[in-house]
Amino acid sequence: MAVNHAKDGAPGFLTTRFEALLAWGRKYSIWPFTFATACCGIEVMGAFGTHYDIARFGAEVIRFSPRQADMLLVAGTVNYKMAPVLVRIYEQMLEPKWVVAMGACASSGGFYNNYSVAQGIDKFMPVDIYIPGCPPIPEQIIDSIVLIQKMIDSGGSRARDRWPIKI
Amino acid sequence: MAEIEAYQREAGTLDMQAEPMILNIGPSHPATHATLRLIAELDGETILKLTPEFGYLHRCFEKESENATWTQVIPYTDRLNYVSSLMNNVGYAMAVEKLCGVEVTERCQYIRVLICELSRIIDHMVCIGTNMVDIGALTNFWYFWKPREEVYRHLIEPLTGIRLTTAYTRIGGLMWDLPDGWVEKCRDICRDVIVPAIADVNALLTKNRIFIERTMGVGAIDPKEAIARGFTGPCLRAAGVPLDLRKDETYLVYDRFDFDVPIGEEGDTCDRYMVRMEEMRQSLRIIDQALDQLPEGPVNVDDPRFILPAKKDVYETIEGLMNHFKHVMDGVQVPAGEVYSATEAANGELGYYIVSKGGGGPYKIKVRPPCFPLFQGMPHLCEGGMIADLIAVLGSVNIIAGELDR
Amino acid sequence: MTDKQPSVVLAKLIERFGDDIVATHSDFGDDTARVNRERIVEICTFLRDDPDLLFDFAMDLTGVDYLGEEPRFEVVYHLYSLEKKHRVRIKARVPEEDPVIDSVIPVWVGMDWFEREAYDMYGILFRDHPNLKRILMYEAFEGHPLRKDYPKARRQPTVGVEE
Numbered sequence: 001m002a003v004n005h006a007k008d009g010a011p012g013f014l015t016t017r018f019e020a021l022l023a024w025g026r027k028y029s030i031w032p033f034t035f036a037t038a039c040c041g042i043e044v045m046g047a048f049g050t051h052y053d054i055a056r057f058g059a060e061v062i063r064f065s066p067r068q069a070d071m072l073l074v075a076g077t078v079n080y081k082m083a084p085v086l087v088r089i090y091e092q093m094l095e096p097k098w099v100v101a102m103g104a105c106a107s108s109g110g111f112y113n114n115y116s117v118a119q120g121i122d123k124f125m126p127v128d129i130y131i132p133g134c135p136p137i138p139e140q141i142i143d144s145i146v147l148i149q150k151m152i153d154s155g156g157s158r159a160r161d162r163w164p165i166k167i
Numbered sequence: 168m169a170e171i172e173a174y175q176r177e178a179g180t181l182d183m184q185a186e187p188m189i190l191n192i193g194p195s196h197p198a199t200h201a202t203l204r205l206i207a208e209l210d211g212e213t214i215l216k217l218t219p220e221f222g223y224l225h226r227c228f229e230k231e232s233e234n235a236t237w238t239q240v241i242p243y244t245d246r247l248n249y250v251s252s253l254m255n256n257v258g259y260a261m262a263v264e265k266l267c268g269v270e271v272t273e274r275c276q277y278i279r280v281l282i283c284e285l286s287r288i289i290d291h292m293v294c295i296g297t298n299m300v301d302i303g304a305l306t307n308f309w310y311f312w313k314p315r316e317e318v319y320r321h322l323i324e325p326l327t328g329i330r331l332t333t334a335y336t337r338i339g340g341l342m343w344d345l346p347d348g349w350v351e352k353c354r355d356i357c358r359d360v361i362v363p364a365i366a367d368v369n370a371l372l373t374k375n376r377i378f379i380e381r382t383m384g385v386g387a388i389d390p391k392e393a394i395a396r397g398f399t400g401p402c403l404r405a406a407g408v409p410l411d412l413r414k415d416e417t418y419l420v421y422d423r424f425d426f427d428v429p430i431g432e433e434g435d436t437c438d439r440y441m442v443r444m445e446e447m448r449q450s451l452r453i454i455d456q457a458l459d460q461l462p463e464g465p466v467n468v469d470d471p472r473f474i475l476p477a478k479k480d481v482y483e484t485i486e487g488l489m490n491h492f493k494h495v496m497d498g499v500q501v502p503a504g505e506v507y508s509a510t511e512a513a514n515g516e517l518g519y520y521i522v523s524k525g526g527g528g529p530y531k532i533k534v535r536p537p538c539f540p541l542f543q544g545m546p547h548l549c550e551g552g553m554i555a556d557l558i559a560v561l562g563s564v565n566i567i568a569g570e571l572d573r
Numbered sequence: 574m575t576d577k578q579p580s581v582v583l584a585k586l587i588e589r590f591g592d593d594i595v596a597t598h599s600d601f602g603d604d605t606a607r608v609n610r611e612r613i614v615e616i617c618t619f620l621r622d623d624p625d626l627l628f629d630f631a632m633d634l635t636g637v638d639y640l641g642e643e644p645r646f647e648v649v650y651h652l653y654s655l656e657k658k659h660r661v662r663i664k665a666r667v668p669e670e671d672p673v674i675d676s677v678i679p680v681w682v683g684m685d686w687f688e689r690e691a692y693d694m695y696g697i698l699f700r701d702h703p704n705l706k707r708i709l710m711y712e713a714f715e716g717h718p719l720r721k722d723y724p725k726a727r728r729q730p731t732v733g734v735e736e
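For the protein sequence lines, the chains are A, B and C, in the order given.
Position 2 (the first sequence) corresponds to 2 in the working numbering; numbering is contiguous.
When you read off a place in the second sequence, starting at 1, and then add 167, the result is the number in the working numbering.
When you read off a place in the third sequence, starting at 1, and then add 573, the result is the number in the working numbering.
No lab work stands behind these hints: they were computed from the structure.
Remember, predicted model here, so these are calculated numbers, not experimental data.
Be aware that one or more of the hints could be misleading.
Heads up, simulated DSS-like pairs for lysine-lysine below, C-alpha to C-alpha not over 30 Å straight-line [said to hold, decoys possible]: (1) C:Lys585 / C:Lys657; (2) B:Lys524 / B:Lys493; (3) A:Lys27 / B:Lys414; (4) C:Lys725 / B:Lys216; (5) C:Lys664 / B:Lys216; (6) B:Lys352 / B:Lys414; (7) B:Lys414 / C:Lys725; (8) B:Lys524 / C:Lys664; (9) C:Lys706 / C:Lys725; (10) B:Lys414 / C:Lys706.
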């Protein structure tokens, strides 16, 4: 959770220090669950590689179990056959969690507008960060981790608090 | 299925006195390289029956291509086998050029050979790297990712503008010519980065006791079965069948190069790994020879029906402007007919069956993915083996879901 | 493609099956034969076993939808011979009211999933197929998406997840 401000607007000293400590711990250990389906998956592997080393930013451990991960990194196209699987994984993750839609296909369906491709994962779950690109370069994934760190620091509301958005 | 169980129970060989367990190796699993699903019925650790399921990455390549012009299909093709996108581009461009009856220039053919062989090398690196990660040998992944990064950053990105999904070929030629210094850079990278990486992985794996025990005899297939199931590519060559379209139905300028085609014996996982390693070395030979023989000249055919006019003409002459407009709005006009064109992609025979009714866009394009029959053959490779062998075989067969599902 | 004797394959096919070979051509270097769908298994067995032809590789099977023509669908087989190194394309038209054709799994066991995909995408039924289910789309999907009258961007209610 972000640093909570108490309802009366005056949090105590120890509470804020404790929450700042929690935020510090969280932001430097964001463990991703890479839900890599397609071409963006290869760029994710590149981001975890030696040149764009994402472990420098705390995303050291790539956990393939949703129970142990903080961030759901959806990399690649999600179609209607895969959507129930993705939602199930999202629901299995523990709070606090962040969702990053990597690439054009996960953000909005990409250049696939057809009977099989979901037009963006934000139809099924709240998304905190969208990374544009087809595929985005690995530095953009690092950028998304840094943005999440800023979100944790600043205490801004997560996308979950604004969910569901019905247009 | 019930017969096997009944028989084994009678013979006293059923491991647990219970029904076989159904294990779902689901679509989101680290070893399935995304979006493959295998439903295994297990007796203890032995697989009795394996049912593969896929379609979790079906992105409707065929339906999208029916609503696009010939050139607009090219970005869709490179998302098929996204690990070696350039090969898909080349295959598609060759198929349409066969339909149009246009012969590309010699320089274009050499460059296409170069990019195909580079793509083959990086595809095999992904296959072996991820296969080894699944088996537990993580170091090879890092060893192989460095040359891939070098090829992406210094060769493919300056050439095409993007690292992964390139859309580089055009009908009648290429997007543009090689940039300055590309040839020297290619030689440097092949010599200084790729060769040592292959040597490193070789030193780690080939004589490694654990690797041999884990992969030898696992997932073996004999040649007749492989042919009946439609296997092509390294998996077929590992089984002992010497089919390589670069030699047997030679296309582009492959007949001018001197290279060997490695053939395996048993068709098991170890052979598939060895065939891929050797193919990488042979690809380096082809790249060397191609760089030496690379001719000068234009990369595009000199035919306004297929190639966009030069920007200078577009801005200064009315004919150039009209030509450009027609190309972009209507697409390249291709005659009616149907054609099947196959190339030797990294995984096997990548075929494009194109039906055209004339006009600017295709009527139908069917891609014959090389890993479709391979995934179909998974039950044959794995049934009777153990669950851990399934993971080793799945990685060695190199299923790329973008191509499998299209 | 290398130059080969014109239509050795097609000549043998016509000699053996006569009228069941409805039309042939070799446009763009590809030998093509359109055949009668009733005898497809016999024709395929002949192609696989005849010592001059030896088409042991079945490379591809697909359907094509010629909306507006009658018969509407066409099943296309691409074959390759490892020893003789030649290719052939066999096509069989299938009408819309009765889109059934025999399965060629007895001839080449690798055609299993290709036939399932043709069923999934076009609705062409294969007689005697051991497991004719959808393969690319999810089970609850309705319709056959690659038909020309199926709109590209039609959305069906998603199964298993709320939007």
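Hint check:
no. : hint                : in the structure
1   : C:Lys585 / C:Lys657 : holds (14 Å)
2   : B:Lys524 / B:Lys493 : holds (18 Å)
3   : A:Lys27 / B:Lys414  : violated (55 Å)
4   : C:Lys725 / B:Lys216 : violated (36 Å)
5   : C:Lys664 / B:Lys216 : violated (34 Å)
6   : B:Lys352 / B:Lys414 : holds (28 Å)
7   : B:Lys414 / C:Lys725 : violated (40 Å)
8   : B:Lys524 / C:Lys664 : holds (17 Å)
9   : C:Lys706 / C:Lys725 : holds (22 Å)
10  : B:Lys414 / C:Lys706 : violated (38 Å)
The earlier numbered hints that this structure contradicts are 3, 4, 5, 7, 10.
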